[in-house]
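Q: Kindly produce the complete structure, drawing on both the sequences and the hints.
Chains as they are written, first to last, in the UniProt record's numbering: chain V, 1 to 269; chain R, 1 to 257.
No wet-lab data here; the hints were simulated from the structure.
Some clues are possibly wrong.
EDC-like cross-link-like pairs, simulated, lysine to aspartate or glutamate; straight-line CA separation at most 20 Å [said to hold, decoys possible]:
1. V:K147 to V:E49
2. R:K248 to R:E238
3. R:K110 to R:D129
4. R:K126 to R:E113
5. V:K51 to R:E68
6. R:K21 to R:D227
7. R:K58 to R:D83
8. R:K110 to V:E142
9. R:K110 to V:E49
10. R:K110 to V:D139
11. R:K110 to R:E127
12. V:K147 to R:E113
13. V:K147 to R:D104
14. R:K58 to V:E142
15. R:K58 to R:E72
16. V:K17 to R:E25
17. V:K147 to R:E85
18. V:K147 to R:D83
19. R:K58 to R:D34
20. V:K51 to R:E113
21. R:K110 to V:E52
22. R:K21 to R:D34
23. V:K234 to R:E25
24. R:K58 to R:E68
25. V:K120 to V:E49
26. V:K34 to R:D83
27. R:K248 to R:D237
28. R:K58 to V:D139
29. V:K147 to V:E52
30. V:K234 to R:D227
31. R:K110 to V:E59
32. R:K216 to R:D192
Computed far set for chain R versus chain V, every beta-carbon distance over 12 Å [said to hold, decoys possible]:
33. D26
34. G32
35. G40
36. I128
37. G155
38. R164
39. L168
40. T242
Quantities reported herein were computed from a predicted structural model and do not represent experimental measurements.
For every residue, glycine included, the Cβ atom is placed at its ideal position computed from N, Cα and C.
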Amino acid sequence: MDTAASSTPAVRKKKSKLWQSITDFFVSLYNINKFILRFFREAFMPPFEFKEVMRQCYEVGVRSFTLITVTGFIVGLIFTKQSRPSLSQFGATSWLPSLVSIAIMRALAPLVTALIASGKVGSSIGAELGSMRVTEQIDAMEVSGTKPFKFLVCTRVLATTLTIPILSTYTGFIAMFGGYLNVAQNEGTTWSTFIQEFFDPLTYTDFVASLIKSVLFGFTIGIVGCYQGYYSAKGTEGVGKAANGAVVTAMFLVFIEEIIVVQITSWFR
Amino acid sequence: MEKKIVKGDHTNPVISIRGLKKSFEDYHVLRGIDLDLYQGENLVVLGRSGTGKSVLIKIISGLLPPDEGDVEVLGQNIAHISDYELQALRIRIGFSFQNSALYDSMTVRKNLEFPLVRNRRGITRKEIDANVEEVLDAVGLSQTINQMPSELSGGQRKRIGIARTLILNPEIMLYDEPTAGLDPITCIEINDLINEVQTRFNTSSIIITHDLTCAKQTGDRISMLLDGQFQRTGTFDEVFATTDDRVKPFYDYNFIQ
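A: Right, dumping it as structure tokens:
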């Protein structure tokens with residue numbers, strides 16, 4: 001009976017759909033790897049597009065600056081506010097700056113920056129390249145003897161890889177300021193005391209791990225956005241899917257990378 | 001304007017295609033194409049939408065790989081050359097896209113400079129400006145130099161697209177539906193421009209179209225693509241001197257209606 005059930009057309013269709021999904025997954029994994037290898041092959045070979053990289057860095061920074069400032073400030077403020085009741089139960093509100101610094105510098109600043117950049121920068125890269133693909137602008141670059149991959153992909157990936165760590169550091173300091181305002185208002189802590197207690201628990205490993213994470217997040221956001229846009233399907237639907245795919249995939253990968261980096265750095269502590 | 005037929009040097013094809021086949025999954029678009037484009041001539045490829053005309057020139061320019069057959073462009077087999085050789089070859093081929101494909105984040109000047117700066121390393125600012133002015137003058141749009149593509153009309157975009165390909169002094173021009181979506185007067189202007197490019201820049205061209213007015217005004221030779229193969233080739237009058245039911249409606253629709 002089991003055999004009969006397993007060979008019905010509905011089951012067969014379901015099986016072939018599942019098989020197709022598995023195949024598609026591995027094919028796209030292979031394509032992404034090829035894409036990443038191509039990036040490393042072309043990005044560091046002359047001629048270099050310094051001017052375009054700088055322009056893209058500016059674009060990435062400007063696109064996310066306001067949102068990151070507001071979010072960073074709110075994260076610092078709210079995190080401090082929400083942590084106070086738990087600490088005050090033990091009379092340990094003086095530990096607030098240390099708690100906030102560990103949370104922000106080790107995890108929240110890189111993560112929040114990466115998530116915001118995935119939404120703002122990743123989607124915009126996906127949509128921009130997707131629309132260039134649809135309107136044959138990428139083909140036009142190709143047939144005119146120029147290298148669209150180098151000009152469009154390498155510059156954007158380098159820009160996100162360089163800019164996200166800077167934005168992440170900025171987020172950390174803005175969040176610290178948000179935390180300070182809350183601590184100063186409630187505990188009357190001075191700025192110099194707060195700063196001293198904020199940086200005291202942080203080690204060299206924390207800064208390095210945070211930097212590595214941000215670089216990795218920036219690279220991921222750039223490569224995913226470019227991959228989705230560069231190979232987007234024809235038509236306006238393709239552009240939408242590229243933008244959406246860039247955000248969803250980048251966010252998902254950022255969380256996975258966060259887990260991996262946290263695990264690795266915990267071995268060094 | 002009547003086309004003054006240019007008899008190309010028939011011993012010296014700049015593009016030579018033999019037995020070209022191309023399929024997309026189960027759909028066989030090109031089913032064994034043979035084609036020669038001779039030095040200095042305009043060859044029009046006519047056919048209905050979806051017959052593989054654009055696929056043909058995308059294969060010639062190396063944007064799509066052929067499934068079978070030999071595609072020789074300027075003496076090089078497109079399927080058997082390295083990426084570096086293909087890039088060098090592409091500089092000698094101009095491709096005018098159906099929707100112009102102008103880089104919409106750049107001004108007209110930047111659009112024209114883009115291929116020039118990247119293919120002629122070490123070129124001076126003075127030389128760049130001179131080249132840009134020359135091609136803009138050739139297409140009659142010098143006044144648009146600082147405009148964005150979004151500020152141009154359809155006909156102007158086509159002209160700038162052609163100018164962008166001319167800036168590298170190509171030996172071969174490939175036009176994909178040059179008059180599609182344009183009003184009749186602008187169509188005539190574009191046709192005149194194609195002929196002017198042929199004489200002024202001494203190019204050999206393949207013009208993909210389903211517009212018979214364009215074919216008549218620009219083509220030295222016309223090839224009719226039907227069912228994935230060239231069915232009739234010759235001058236305009238020779239191609240349409242037929243009772244073939246697949247060819248005749250084309251003429252009737254364009255000139256009798």
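Q: Against the structure, test the hints numbered earlier, and report the numbers of the ones violated in rising order.
A: 5, 25, 30, 38, 39
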